[in-house]
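Chemist: One point on numbering: in the numbering used here, the residue at position 69 of the sequence shown is 195, and numbering is uninterrupted.
Keep in mind that the hints were calculated from the coordinates and are not lab data. Take the hints with a grain of salt, since some may be wrong.
[What the hints assert, rightly or not] DSSO-like, lysine-lysine: derived pairs with alpha carbons at most 27 Å apart:
1) K176 with K206
2) K199 with K170
3) K199 with K234
4) K206 with K234
5) K234 with K170
6) K234 with K217
7) K183 with K214
8) K239 with K214
9) K183 with K199
10) K206 with K170
11) K170 with K217
[Said to hold, decoys possible] Cβ pair distances, simulated, as ranges:
12) S144 with G259: 46 to 56 Å
13) S218 with R138: 18 to 28 Å
14) V228 with D137: 21 to 31 Å
Predicted model, so just to flag it, every value in this text is computed and none were measured. The C-beta atom is built at its ideal place from N, Cα and C for all residues, glycine as well.
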Amino acid sequence: MISKRSLPQVDRDQQILSRLARIEHKVDSLDQTNAFALRAEAAKHFATIKQIFRRGKRRAQVYLAADGNRGVKDIAAHLKMQRQNVAKELKSLAEEGLLEIVDTAGGKDIWGKKPVDRTLRVTQFLCAEYALGRDGRAAKKA
Numbered sequence: 127m128i129s130k131r132s133l134p135q136v137d138r139d140q141q142i143l144s145r146l147a148r149i150e151h152k153v154d155s156l157d158q159t160n161a162f163a164l165r166a167e168a169a170k171h172f173a174t175i176k177q178i179f180r181r182g183k184r185r186a187q188v189y190l191a192a193d194g195n196r197g198v199k200d201i202a203a204h205l206k207m208q209r210q211n212v213a214k215e216l217k218s219l220a221e222e223g224l225l226e227i228v229d230t231a232g233g234k235d236i237w238g239k240k241p242v243d244r245t246l247r248v249t250q251f252l253c254a255e256y257a258l259g260r261d262g263r264a265a266k267k268a
């Protein structure tokens, strides 16, 4: 039997549950939830991004060329770089949490950017900072 003292608590709890059930969840995925959390501290995270790419243009070019369609050999050919230099940069960027292997096709790993790229606008920053196109090549002047 429920005592009179607990009735108001049960009613209040039921009201809260009813309200929560009517609230629409606007986030479609865990990635979006993480994106909101990252944006809250964007300045701190962006300082880390700047630190990762402080070494120069080559790392930025490799990052931009890793578009989810290219393997090491393809990126090297696309950027006219040596394969071992590209592989080294890809590995470093993966360790930093910016790139990942998105597919394995024909015995080669295909590299792509992690969702944090969109959240922190890493591609936009690198294009502006190093005057590069979104594919890692020198930007064409208009």
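Chemist: Hint by hint, note whether the structure agrees.
Modeler: Okay, the hints, checked on the actual structure:
1. K176 with K206: 25 Å, holds
2. K199 with K170: 34 Å, violated
3. K199 with K234: 9 Å, holds
4. K206 with K234: 19 Å, holds
5. K234 with K170: Given that 27 Å is the threshold and the Cα spacing comes to 35 Å, the pair is violated.
6. K234 with K217: Holds, at roughly 14 Å.
7. K183 with K214: 14 Å, holds
8. K239 with K214: The hint holds at about 16 Å.
9. K183 with K199: Between K183 and K199 the Cα gap is close to 19 Å, so the pair holds against 27 Å.
10. K206 with K170: It is violated: about 34 Å lies between the C-alpha atoms, which goes past 27 Å.
11. K170 with K217: Holds, at roughly 23 Å.
12. S144 with G259: 46 to 56 Å: 53 Å, holds
13. S218 with R138: 18 to 28 Å: Distance hint for S218, R138 is violated at roughly 54 Å.
14. V228 with D137: 21 to 31 Å: Hint violated: Cβ distance 51 Å, outside 21 to 31 Å.
Hint check: violations occur at hints 2, 5, 10, 13, 14; the rest are consistent with the structure.
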